[in-house]
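A.B. asks: So you can see what is in the structure, the chains are spelled out below.
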Amino acid sequence: MGFSVALTPENLFWCFVGVFLGTVVGILPGLGPAATIAMLLPLTFKMDHTAAIIMLAGIYYGSKYGGSTTSILLNVPGESASVVTCLDGYQMARQGRAGPALGISAIASFVAGTVGVIGLMLIAPPVARFALRFGPPEYFALMALGLTMVVFLAGKSMIKGLLAMLVGLWLAGVGTDLFTAESRFTFGQMELLDGIDFVVVSIGIFAVAEVLVNMESRGGTELFKVPRGIRNLMPTLKDLKDCRFAFLNGSVIGFLIGVLPGAGSTIASFLSYGAEKAFSRYPEKFGTGVIEGVAAPEGANNSETGGALVPLLTLGIPGSNATAILLAALILWGIKPGPLLIQDNPGLFWGLVTSMYVGNVMLLVLNLPLVPLFAQILRVPYFVLYPGILGISIVGVYSVSNSLFDVWMLGLFGLLGYAMRKLDFPAAPLVLGMVLGDGLERALRQSLMMSEGRLSVLITRPLSAAMICVALAILIMPLVNKVRSFRVKAVEQDV
Amino acid sequence: MSEKKELLSGICLGSFGVYVAFEALKLPYVSEFGPGPGFFPLWIGIGLTLLSLLLIVANLFGSTAPENSKSQSRTAIGRALVGWSGLMLAIGLLHWLGFGLSLALLAAFLVLALEKRSPWVAISVAFGLALGFHAIFVLALGLSLPAGPWGF
Chain A
13 MGFSVALTPE NLFWCFVGVF LGTVVGILPG LGPAATIAML LPLTFKMDHT AAIIMLAGIY
73 YGSKYGGSTT SILLNVPGES ASVVTCLDGY QMARQGRAGP ALGISAIASF VAGTVGVIGL
133 MLIAPPVARF ALRFGPPEYF ALMALGLTMV VFLAGKSMIK GLLAMLVGLW LAGVGTDLFT
193 AESRFTFGQM ELLDGIDFVV VSIGIFAVAE VLVNMESRGG TELFKVPRGI RNLMPTLKDL
253 KDCRFAFLNG SVIGFLIGVL PGAGSTIASF LSYGAEKAFS RYPEKFGTGV IEGVAAPEGA
313 NNSETGGALV PLLTLGIPGS NATAILLAAL ILWGIKPGPL LIQDNPGLFW GLVTSMYVGN
373 VMLLVLNLPL VPLFAQILRV PYFVLYPGIL GISIVGVYSV SNSLFDVWML GLFGLLGYAM
433 RKLDFPAAPL VLGMVLGDGL ERALRQSLMM SEGRLSVLIT RPLSAAMICV ALAILIMPLV
493 NKVRSFRVKA VEQDV
Chain B
153 MSEKKELLSG ICLGSFGVYV AFEALKLPYV SEFGPGPGFF PLWIGIGLTL LSLLLIVANL
213 FGSTAPENSK SQSRTAIGRA LVGWSGLMLA IGLLHWLGFG LSLALLAAFL VLALEKRSPW
273 VAISVAFGLA LGFHAIFVLA LGLSLPAGPW GF
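These protein sequences, in sequence, are chains A and B.
Every number in my numbering is 12 more than the matching position in the first sequence, counting from 1.
Every number in my numbering is 152 more than the matching position in the second sequence, counting from 1.
One should not assume that every hint holds.
Taking lysine-lysine and the DSS-like style, the derived pairs with C-alpha atoms no more than 25 Å apart in a straight line are [what the hints assert, rightly or not]:
#	chain 1	residue 1	chain 2	residue 2
1	A	LYS168	B	LYS156
2	B	LYS178	A	LYS434
3	A	LYS253	A	LYS297
Facing chain B, according to a computed beta carbon distance under 7 Å, are these residues of chain A, among others [claimed, not checked]:
#	residue
4	TRP182
5	LEU224
6	LEU435
Treat the hints as calculated values from the structure; they're not laboratory data.
Note that the structure is predicted; figures quoted are calculated from it, not measured.
C-beta atoms are modelled at their ideal positions from N, C-alpha and C, and glycine is treated no differently.
Make a model of the complete structure from these sequences and hints.
C.D. replies: Here is the structure:
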């Protein structure tokens with residue numbers, strides 16, 4: 013039934029419009045899918061509802077494909093989930109492998125996006141019921157597990173990684189308190205009452221700081237080497253072979269995290285990167301341009317969209333801004349998402365699911381030919397590229413809330429990012445702390461409220477206890493390794 | 153130099169941690185709903201202070217040995233700070249001159265002051281970027297960017 017709905021010329025056309033718009037929106041930093049869906053929502057009132065939801069969903073998952081482009085080419089994360097892609101993607105671009113990085117990103121997105129849709133189709137209702145067992149203690153444990161990814165992002169000094177993460181957690185708390193509406197750390201600035209937007213921080217400490225580092229010396233005519241020939245601009249068979257587990261890891265982690273309302277694609281991409289590094293044969297190379305470091309988070313980011321539609325369609329619970337607007341669209345059209353959606357509107361449900369298969373194929377066909385074209389951006393002389401990156405950064409930050417205050421903050425975070433680079437502090441843990449800080453604090457305070465202040469609530473529930481045990485194991489692992497290496501050294505010295 | 157860097161980082165972050173904890177103490181630790189707005193920042197401040205002390209102690213006893221120990225050239229840092237100052241100046245001009253002209257001035261400044269290219273190159277880059285951004289972001293995508301007195 014789904015194919016007969018999705019493959020009508022009208023629905024195919026709107027699917028293409030959606031994924032094309034999504035790709036464009038994903039490439040542009042700051043302009044997210046939620047804002048685009050909201051802007052286009054009034055235009056859908058006169059459309060057929062199935063065609064409209066196919067188009068809006070196309071924008072949602074299409075934006076995930078485009079998000080990696082600026083991360084890989086310019087170190088400008090277009091959205092929070094693309095931050096992890098900067099770590100290895102940008103390093104690959106610096107080594108003349110921007111093409112393979114962009115290519116593997118598109119392929120990982122396709123594979124994981126398709127796995128996410130299969131998951132949505134086959135196991136949606138039981139998985140959604142399982143997700144409902146997540147209360148505040150489980151969410152706290154999940155966020156804590158996410159924070160332990162600092163172990164894999166800290167680089168040479170764990171202390172510095174933890175310090176950067178704590179600064180990120182503090183930044184997440186700037187603004188109005190979630191429960192009491194009291195202002196915290198706003199320095200008397202009205203603009204800070206809403207908090208600091210993630211885009212401002214990530215673009216500042218990644219993109220602006222990178223430009224400042226590159227300004228230190230006069231460059232050549234080209235910023236990076238871009239190899240000639242289409243073959244050198246695409247992933248090789250070896251690349252694909254190296255990434256086979258990354259595809260699987262990204263697909264599974266992305267889908268499972270996506271099902272949990274509020275967890276989001278950022279935590280999925282961080283967890284997937286951490287898992288890939290933990291089980292890699294060469295974890296020490298991560299962050300220097302390893303292709304699996306691009307495939308895993310990009311896969312997770314895309315598989316998450318299939319997962320995120322599970323609670324939306326089967327329970328009527330949105331897990332993110334974009335799915336909240338999709339929910340609003342369904343309600344505005346008079347459709348009630350929930351357990352009866354499949355029964356009451358089979359054409360819409362199966363049409364949407366099947367259109368996501370078609371949309372993923374369209375996105376692969378649309379994105380792969382663009383790889384050589386995008387890679388040519390790096391041929392632009394450095395003295396044009398740097399002001400261009402700064403211009404894109406300003407546009408990206410300003411378009412979030414049309415605020416010049418945010419642009420000032422961008423400059424300040426650019427300087428902070430530069431200082432962090434000079435002082436050998438890793439930037440990714442700061443971003444990790446900032447992304448998870450809000451959810452972590454909310455879940456912890458809710459847990460303490462429901463248990464009347466008893467911290468034991470975090471370890472007496474099986475799911476949260478299991479996740480906290482895993483988190484502790486991940487945290488203790490480097491210490492154990494360090495003690496072991498000290499012992500080995502001591503024995504060697506004795507000998 | 154690397155030791156100084158570590159000490160400086162530790163002292164700055166330690167002071168920041170003390171500040172965060174001190175400010176958090178001014179907020180209620182407990183509210184009628186449970187933990188108050190000061191609860192989380194207080195622990196963050198304590199964590200920052202303790203870890204900074206650990207960083208300082210580890211550095212003093214020589215257990216951290218950063219690989220990147222070569223001293224940073226003052227000229228290199230100076231160039232980056234000049235570029236950053238140009239960026240901040242351009243941000244300051246956004247309100248008065250609009251995005252297009254501010255970006256053009258920033259590009260011209262970077263090309264002339266940092267890259268020492270000819271004025272013609274600077275002018276070409278400045279106008280090319282300003283026009284390109286206007287065409288893509290304003291005309292094609294309909295984004296609203298800060299506009300100067302002449303409407304762009």
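A.B. asks: Please name the hints from earlier in the document that this structure breaks, with their numbers sorted from lowest to highest.
C.D. replies: Of the numbered hints given earlier, the structure breaks just one, which is hint 2.
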